[in-house]
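S.K.: Chain by chain, the residues run as shown.
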Amino acid sequence: MSPILGIYASQISGHLAAPGSYYSIATQTVSGATSSVTFSSIPSTYTHLQLRITALGGQNGNSLSVQFNGDTGTSYSYHYVTGNGSSVSAGGYAGGTSLFGDAVGWRNGYPAALIVDIFDYTNTNKNKTARALNGTDANGSGEIALNSSAWYSTSAINAIRLYSGGTFNTGTFALYGVN
Amino acid sequence: MTAGSTYTPIATYTFSGQSSLTFSSIPNTYTDLILIISGSGAGVETMQLRFNGDSGSNYSYTRILGTGSSASSSQSSNQTAAIAGFMDNTQFVDIVQIMNYSNTTSYKIALTRMNVPSSGYVGAWVNLWRNTSAINTVYILPDSGGTFNNGKATLYGIASA
Chain F
1 MSPILGIYAS QISGHLAAPG SYYSIATQTV SGATSSVTFS SIPSTYTHLQ
51 LRITALGGQN GNSLSVQFNG DTGTSYSYHY VTGNGSSVSA GGYAGGTSLF
101 GDAVGWRNGY PAALIVDIFD YTNTNKNKTA RALNGTDANG SGEIALNSSA
151 WYSTSAINAI RLYSGGTFNT GTFALYGVN
Chain G
180 MTAGSTYTPI ATYTFSGQSS LTFSSIPNTY TDLILIISGS GAGVETMQLR
230 FNGDSGSNYS YTRILGTGSS ASSSQSSNQT AAIAGFMDNT QFVDIVQIMN
280 YSNTTSYKIA LTRMNVPSSG YVGAWVNLWR NTSAINTVYI LPDSGGTFNN
330 GKATLYGIAS A
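These protein sequences, in sequence, are chains F and G.
The working numbering numbers the first residue of the first sequence as 1 and each following residue consecutively.
The working numbering numbers the first residue of the second sequence as 180 and each following residue consecutively.
If you are wondering where the hints come from, they were derived from the structure by calculation, not from laboratory data.
For each residue, glycine too, the CB sits at the ideal point set by N, CA and C.
Among these hints, one or two may not hold up.
As the list claims (entries may be wrong) - Short derived list, chain G residues pointing at chain F, Cβ under 8 Å:
no.	residue
1	241
2	243
3	305
Stated by the list, open to error - A short list of chain F residues far from chain G (calculated; beta carbon distances all over 10 Å):
no.	residue
4	47
5	72
6	74
7	86
8	92
9	138
10	139
11	170
Based on the sequences and whatever the hints tell you, model everything.
M.R.: And the structure:
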């Protein structure tokens, strides 16, 4: 049977997203052991940002953290609910040095994914908020988490640094703008 | 350099009684895929998710689930399908993020968000498919023989710069 583009046995109608509102800003592809990725000179022409990250863990248990505009101070807070395959936990932290704390518990050689929505990132009249969905599974262990976070700064976000205490490998770090 | 607009609808099912949904011949021109399924089904069921027709024990997933009164987490290994979420006989919406689907060097990962407001279920899965092939077909099947009764399933592509 020759392939049919799209779908079998149904109607094609409509779509759920308005076209022309989601743009790729920049992408960094990682091919070897890497401990950080930075997006700089982010244009201020969008309403929101979305980060979409997939990479392989370099070691078990290492995490991925996010900072804005090079701010390494205690300017962040976060809350999370997470499951590790056997139990659920929730918590929070104020006065942290990064967004989401230790989001993404990497498993060596297995892919992890992190999707971060950063809202109203150019507004200079309020602090910034973000949320994330992230997880990894290694066929026998894994974790999945929902996160919310704040950066206590009224500066427009123009740079995002993602870093790990260990390394990650072979992945795609993509930044998008949403109107 | 900023690229043009993306988040492009690839195909849409308007379903009314189908027992499964198949998106085939998916182009490899995007970075990620997003599958949104919204509607009603025959009852509360888990929706299985398979790639490229693979029904072998090559999937695993970790789940977090809230029922409206309690929360739990589970992990399942060596499964014959990943999970696209739950369906319900009134309303449900499931969103599956299939990441870096066309790369041929690493296993594939998909994040699922599930909301079934009438039954009180909310949850998320991280799915692993232990295969390095590019994904060209996405197959969704209710695991108890139910049907997709009234709604839409749309597959979108996102292309990075």
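S.K.: Run every hint past the structure and note whether it holds.
M.R.: Results for each hint:
no.: 1; hint: 241; result: holds (3 Å)
no.: 2; hint: 243; result: holds (3 Å)
no.: 3; hint: 305; result: holds (3 Å)
no.: 4; hint: 47; result: holds (14 Å)
no.: 5; hint: 72; result: holds (28 Å)
no.: 6; hint: 74; result: holds (29 Å)
no.: 7; hint: 86; result: violated (6 Å)
no.: 8; hint: 92; result: holds (16 Å)
no.: 9; hint: 138; result: violated (7 Å)
no.: 10; hint: 139; result: violated (4 Å)
no.: 11; hint: 170; result: violated (6 Å)
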